[in-house]
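As given, the protein sequences belong to chains A and B, one line each in that order.
For the first sequence, the residue numbers in the working numbering are 1 to 252.
For the second sequence, the residue numbers in the working numbering are 1 to 194.
Be a bit skeptical, because a hint or two may be false.
[As the list claims (entries may be wrong)] Listed next, the stretches of chain B that the computed footprint assigns to chain A, with coverage defined by at least 3 CB atoms under 8 Å from CB atoms of chain A: (1) 14 to 28; (2) 105 to 112; (3) 116 to 122; (4) 126 to 140; (5) 180 to 191.
[As the list claims (entries may be wrong)] Which chain A residues face chain B? A few, computed with CB under 8 Å, are given here: (6) 5; (7) 45; (8) 70; (9) 75; (10) 122; (11) 198; (12) 241; (13) 251.
[To be verified] Away from chain B, derived, C-beta distances all over 10 Å, residues of chain A: (14) 33; (15) 144; (16) 145; (17) 151; (18) 238.
Because the hints were derived from the structure by calculation, they are not lab data.
Ideal Cβ placement from N, Cα and C applies to all residues, glycine included.
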Amino acid sequence: MLAKRIIPCLDVKGGRTVKGIHFEGLRDVGDPVNLGRHYAHEGADELVYLDISATREERHTFTALVSRIADGINIPFTVGGGISTIDDAARLLDAGADKISINSAAIRRPELIDEIARRYGSQFVVVAIDARLTDDGLWHATTHGGTVATDRELFSWAREAQDRGAGEILFTSMNHDGTRSGYPCETFARLAATVSIPIIASGGAGSAADIAEVLTTGHADAALAASIFHYGEITIGALKAQLAEQGIAVRR
Amino acid sequence: MIAIIDYKMGNLRSVENALHRLGAEYTVTADHDTIRRADHVLLPGVGNCAEAMANLRAAALPDIIRQLRQPVLGICVGMQVLCRHTEEGNADCLGIFDAHVRRFPDSAEHKVPHVGWNTIANLEKGLFKGMKGGTFVYFVHSYYAGLCPDTVATTRHGLMFSSALKYENFYGTQFHPEKSGDAGETILSNFLSL
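Whole structure, please, built from the sequences with the hints as guidance.
Structure representation (structure tokens):
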């Protein structure tokens, strides 16, 4: 049986992870390879590295880092942040990334999904959607870290992304992101009914119970989280043990 | 020396990295003599199986591969090209494994592509020496090889399919050992000890 995936997300700036407390036995949590290896050892099923660099110099560092991650880690990893052309995707693929995640660039120019999927396969393309529920009762996809709302509506955009060749959808509710109040599970369930490709739930996890809920009633295939892992509130092993107790299939 | 066959089917970096982590010596090549002389041969592959067959033909590799007598491991599409035929692009393959490759039926419960960690069972020794059924490995695929006499591991995703195949010196895994954590490293080092 296919296991539900638990995916820690690491923010990287200038080649260093920017969050993370000091885990026992792990000297340098700032080193993305070290921290990734630590999570892999704890039982992470995949990793996501998000480049939050602001400058070109920092971005350059990121590609070199992706090569080091590919060399040092024996589970799949996705890279995202600042990918706006097929050349960006090619550069990260060559560096050893298993998947890339695209967001604003796909909204600006949806053909980018077709181009990358056609050349490298759907398995390589994750389309990330940061959506916000607005007063008109619709979920609007946003860009620029959730600050700019677009006229694209979540469900139709997810469907279009799938039809254009996306292999997975990474959905973050901007109404819930950072609140640690749980996920909008009804919206996730509707999204799962709208597309046939896997859905990764992101943004809002405050506890193991929240993650369990989005994987069951929300029908998500995977849960991505950052702070609950980085701040050591729960280990991946403990989370998976709790999920398994509730009958959720996890890899252990 | 291990030969990783380069036939322009996706990135070989992750396979190279996995061998590097195991401390194995390898070369990435399409040269017939280098492939024939290698102790072990790896045939990775990501993408479209019909295109993979076309690329193998363009490099005059089908007969070279069929005649190999050292251990050969096909991974993912590299396993599928060793089967008889694939529905993907309706292409005849190398016909080493007695299996047909078909697309998973669309289903709400069992999504296509089959992405993520799933268990392997009914393991035969060789590749899976020292391993137990129920081990999780990493899959990414939309097409599967059916069960056949060459099946040496099975996985269920709606239906039951061959997650690994073996015929004489030829081995194939539908999953990616190079991305399957410690279990994958065991499988690769088992292959390298054959």
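Hint check results:
1. Coverage of the stretch 14 to 28 of chain B by chain A holds. Counting CB-CB distances below 8 Å, 5 residues qualify, and the rule asks for three or more.
2. With 5 residues bearing a CB less than 8 Å from a CB of chain A, the stretch 105 to 112 of chain B meets the requirement of three and the coverage assertion stands.
3. Counting residues of the stretch 116 to 122 of chain B whose beta carbon lies closer than 8 Å to any beta carbon of chain A gives 4, which meets the minimum of three for the stated coverage.
4. Judged by the Cβ-Cβ criterion of 8 Å, the stretch 126 to 140 of chain B is covered by chain A as claimed, because 3 of its residues qualify and three suffice.
5. Under a criterion of three residues with beta carbons nearer than 8 Å to beta carbons of chain A, the stated coverage of the stretch 180 to 191 of chain B is upheld, 5 such residues being counted.
6. With a least beta-carbon distance of about 5 Å to chain B, the hint placing residue 5 of chain A at the interface is held under the 8 Å criterion.
7. Restraint check, residue 45 of chain A versus chain B: the minimum CB separation of about 6 Å is within 8 Å; hint holds.
8. Against a cut-off of 8 Å between C-beta atoms, the interface hint on residue 70 of chain A holds, since the closest Cβ of chain B lies about 5 Å away.
9. About 5 Å separates the beta-carbon of residue 75 of chain A from the nearest beta-carbon of chain B, less than 8 Å, and the hint is met.
10. Annotation: residue 122 of chain A was flagged as interfacial toward chain B, and the flag holds, the nearest CB pair being 7 Å apart, inside 8 Å.
11. A least Cβ separation of about 5 Å between residue 198 of chain A and chain B falls short of the 8 Å threshold, and the interface hint therefore holds.
12. Taking 8 Å as the C-beta cut-off, the interface hint given for residue 241 of chain A is violated, the closest approach to chain B being about 15 Å.
13. Of the supplied interface hints, the one on residue 251 of chain A holds, with its beta-carbon coming within about 4 Å of a beta-carbon of chain B, less than 8 Å.
14. At roughly 12 Å from the closest C-beta of chain B, the C-beta of residue 33 of chain A stays outside 10 Å, upholding its exclusion from the interface.
15. Annotated as non-interface, residue 144 of chain A keeps its C-beta farther than 10 Å from every C-beta of chain B; the closest such distance is 29 Å.
16. Every beta carbon of chain B lies more than 10 Å from that of residue 145 of chain A, the smallest distance being close to 27 Å; the non-interface claim holds.
17. Consistency note on residue 151 of chain A: stated as away from chain B, and its beta-carbon is indeed over 10 Å from all of that chain's, at 29 Å minimum.
18. The Cβ of residue 238 of chain A lies farther than 10 Å from every Cβ of chain B, with a closest approach of about 18 Å, so its non-interface assignment holds.
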